[in-house]
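Asker: So the chains spell out like this:
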Amino acid sequence: MKSAFLILAAAIPLAAQVSYDRIRQADSEPGNWLTYSGGYNAQRYSRLDQINATNVRRLHAAWVYQIKATDAFETTPLVVDGIMYLSEPGGSVTALDTVTGRPMWKYTRTLPDNVRGCCGQVNRGVAILGEMVYVGTFDAHLIALDIKSGIVRWDSEVADPKLGHSITGAPLAIKDKIVVGMAGGEYGVRGFVDAYDAKTGQRAWRFWTVPAPGEPGSETWTGDSLKNGAATTWVTGAYDPEQNLVLWGTGNPGPDWNGDVRGGDNLYSDSLVALDGDTGKLKWYFQFTPHDVHDWDATEVPVLADVVVRGERRKAVLFGNRNAFYYVLDRTNGKFLAGRPYAEQTWASGLDNSGRPIVLPNTSPTEEGTKLFPNLGGGTNWFSPSFSPQTNLFYLSAHDVGGIYYKGEAEYRPGAQFNGGGFGPIPGVERSGAIRALNSATGELKWEFPLHSGAWAGVLSTAGNLVFGSSNEGDFYALDATAGRLLWRFQTGARINANPITYLSGGKQHVAIASGNSIFAFALE
Amino acid sequence: MRLLRLVLSIMLPLAVVVPLAAQVDPEYVIPKTNPNTSPADVTRGEQLFKGQCAGCHGPKGEGGRGAVLAQPRLRRAVDDESLFRTIRDGVRGTEMPGADTITSREIWQMASYVRSLGRLPGENVPGDAKRGENLYRTKGNCSRCHVVAGEGTAIGPELTEIGARRGSSRLRSALLDPESVLPEGFLQLRLVTADGRRITGLRLNEDTFTIQVRDLNGGLHSFVKEDLKELQKDPGKSPMPSFRGVLSPAEIDDLIAYLVSLRGKL
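Read top to bottom, the protein sequences are chains A and B.
The opening position of the first sequence corresponds to residue 1 in my numbering, with each subsequent residue numbered one higher.
The opening position of the second sequence corresponds to residue 1001 in my numbering, with each subsequent residue numbered one higher.
In case anyone wonders, no lab produced these hints; they're calculated from the structure.
Bear in mind the structure is a predicted one, so any value in this text is a computation, not a measurement.
In this text, a Cβ means the ideal position worked out from N, Cα and C, and glycines have one as well.
Incorrect hints may have been included.
Claimed, not checked - Incomplete in silico selection of chain A near chain B, CB under 8 Å:
no.	residue
1	A69
2	T70
3	D71
4	R116
5	C118
6	C119
7	G120
8	P216
9	E219
10	G420
11	G424
12	P425
13	S471
14	E473
15	T492
16	R495
Said to hold, decoys possible - Simulated DEER-style distance windows between Cβ atoms:
no.	chain 1	residue 1	chain 2	residue 2	range
17	A	V359	B	V1078	44 to 52 Å
18	B	S1222	A	P450	40 to 48 Å
19	A	R206	B	I1030	39 to 47 Å
20	B	S1143	A	L360	35 to 43 Å
21	B	A1154	A	R356	38 to 46 Å
22	B	S1180	A	P450	26 to 34 Å
23	B	P1126	A	P450	46 to 54 Å
24	A	D260	B	A1250	52 to 60 Å
25	B	Q1232	A	N333	47 to 55 Å
26	A	T222	B	P1126	37 to 45 Å
27	B	D1234	A	E444	30 to 38 Å
28	B	E1230	A	L360	34 to 42 Å
Make a model of the complete structure from these sequences and hints.
Answerer: Dropping the structure here:
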């Protein structure tokens, strides 16, 4: 009891100083988890090795913290000097003592009645910079909270929630700015990535992911279809400090399943955009799925790593895309270096030399229904992959599930869903998935750990030669990072829709994951 | 469509200012029963459903990310009024958003389409339901594996409301050729335990590491999969016997008449 108090008391003064340099050098203090993906490179890899392949079987639950909301609990908590900051559905935030699991403060976001969003009032996490915690809310506000009390320092409306805008992803703190994406791709909104002054909440820049008429890229939309072009930005991107580049994935064009009303490639939907961190100006882009008609957002997490491609060391972006292909891009210019499918897919015969998919005929949605792999959920989705510099493998939760895509009428009304069709499962076929480890330079499969129905949850790799993963049935487990063998598992009792993190608390390594409506923290006995 | 877009683009600035309030009338008193149930309403409801709901619920309400709607009883919408509220307001704490930007009439039209998906109207069939009930209890021995109104052993699906869920032709197939019409998610298993016991049963639940099973006497089992000597899944198989040749064609008609009459409180 006494030691817990001392550790906490010692920690509080430090908590007030999460500088940009600390986040930039996050891998030098693996005891903390300072930003959504662990570091700006979004590798979701930890150098901690107290818990390792030899002793992980002794992992046990240290504490459980339960929230009140019943929406899916998708948070990736941050940990700074002994305190965990977690977001809750809608945009509430709680600070917990990592030793006891007990709350220190709570900010409750009360949402207006008329908020709307396609997929639940979820929230995936917060950002921290200086003495503030930043959270995006389901009613599309960005809020700065005092790190010691949770009191609101500023509250900026990012976009009008009545038109279908919302924020579900964690913001990203870079230098003196807070970068934030938005959701609403099923409502025909116009997508953007924003940056706000961290101290004042004033908007510093906005990059529209759908160009205005006459701007470069507008020629990739027929008629005035770009007005409801979507391409939203609902998952946190990565940052390359060396180039001052924000790398952020964009979502599906609107309407989702009826492409007739929006001929062309529909830039910059389903793309990775690289933006200048100071101005938001587009430096380069790579579009994974031109003229998407299957709702395969490219809002997966881009992972920055230096890998050897065909004998040459490259500054790369590694990307496991919802369209079931894995990509390696040059992160200095967005050029395609390598790619191949990592999950079952029946829509493309491959990628050409520029990385553009070679789309097979008869794969678009129809009124009668078109059977295709992957399904709406994709080969993977928003949940995070991981890259281990120790094994040079790229780990992700993959799904081999097909579905039936239907085309329907696309009728835009402000604030209403704008889907242009529907989607159904293939009757009688069971879902399946796996944790896959890919050669990071080629995408070739190194090993896989099959799962009963897959995992709508991310992975974490550590220097303890471990990969932590989850399952739709509530299992949380550790695999050998080199070979994929099961080393430990724990049944949490509810579906897991979150990414794991690891950190030190009281000098001991912990691993935490949200499951059901609870956060579980594990440590060695 | 082009005209619509033109109108929309002209209307848009106005729509942004006043927009959504025009659609939702807070004073609207929801009637107890759906006032828009004509075939034209169902057709318009289908159109709206396919544009706004089918992404999660499937175009025919077969379910997916959203709940299966092609069933006679909807848990969150037991009557018309609650179905209206569910569509208009969404379901807090789930992925179901509200549809408060469409008119009340359109919500009712969607509701009409949703109701058309899963609830079968009563059916006139040739057999005698009274004789069928007797066959169910005696020669058919159906309660050995099925429950009606609380009586019987729960191995196969409960039949208390089967007449509202399944038409006579499907019930006939189920009696004559059970494996041609297995329920969604139904899976027969054969397994051998570590100590050599052989169990045939139905899967209750499964994850990556474990499996839960009901045997053909109703007994419950749970196993760690790697502890089993054998685990055989028989998709498309059923322990239910065919009644072809066991019951006469007239008796089959009687049994179907009884099953069609089982509508619970629907």
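Asker: Taking the hints in turn, state whether each one holds.
Answerer: Hint-by-hint comparison with the structure:
no. : hint                           : result
1   : A69                            : 6 Å, holds
2   : T70                            : 3 Å, holds
3   : D71                            : 5 Å, holds
4   : R116                           : 5 Å, holds
5   : C118                           : 6 Å, holds
6   : C119                           : 5 Å, holds
7   : G120                           : 4 Å, holds
8   : P216                           : 22 Å, violated
9   : E219                           : 19 Å, violated
10  : G420                           : 7 Å, holds
11  : G424                           : 4 Å, holds
12  : P425                           : 5 Å, holds
13  : S471                           : 5 Å, holds
14  : E473                           : 3 Å, holds
15  : T492                           : 11 Å, violated
16  : R495                           : 11 Å, violated
17  : A:V359 <-> B:V1078: 44 to 52 Å : 46 Å, holds
18  : B:S1222 <-> A:P450: 40 to 48 Å : 21 Å, violated
19  : A:R206 <-> B:I1030: 39 to 47 Å : 41 Å, holds
20  : B:S1143 <-> A:L360: 35 to 43 Å : 52 Å, violated
21  : B:A1154 <-> A:R356: 38 to 46 Å : 55 Å, violated
22  : B:S1180 <-> A:P450: 26 to 34 Å : 30 Å, holds
23  : B:P1126 <-> A:P450: 46 to 54 Å : 50 Å, holds
24  : A:D260 <-> B:A1250: 52 to 60 Å : 55 Å, holds
25  : B:Q1232 <-> A:N333: 47 to 55 Å : 54 Å, holds
26  : A:T222 <-> B:P1126: 37 to 45 Å : 58 Å, violated
27  : B:D1234 <-> A:E444: 30 to 38 Å : 35 Å, holds
28  : B:E1230 <-> A:L360: 34 to 42 Å : 40 Å, holds
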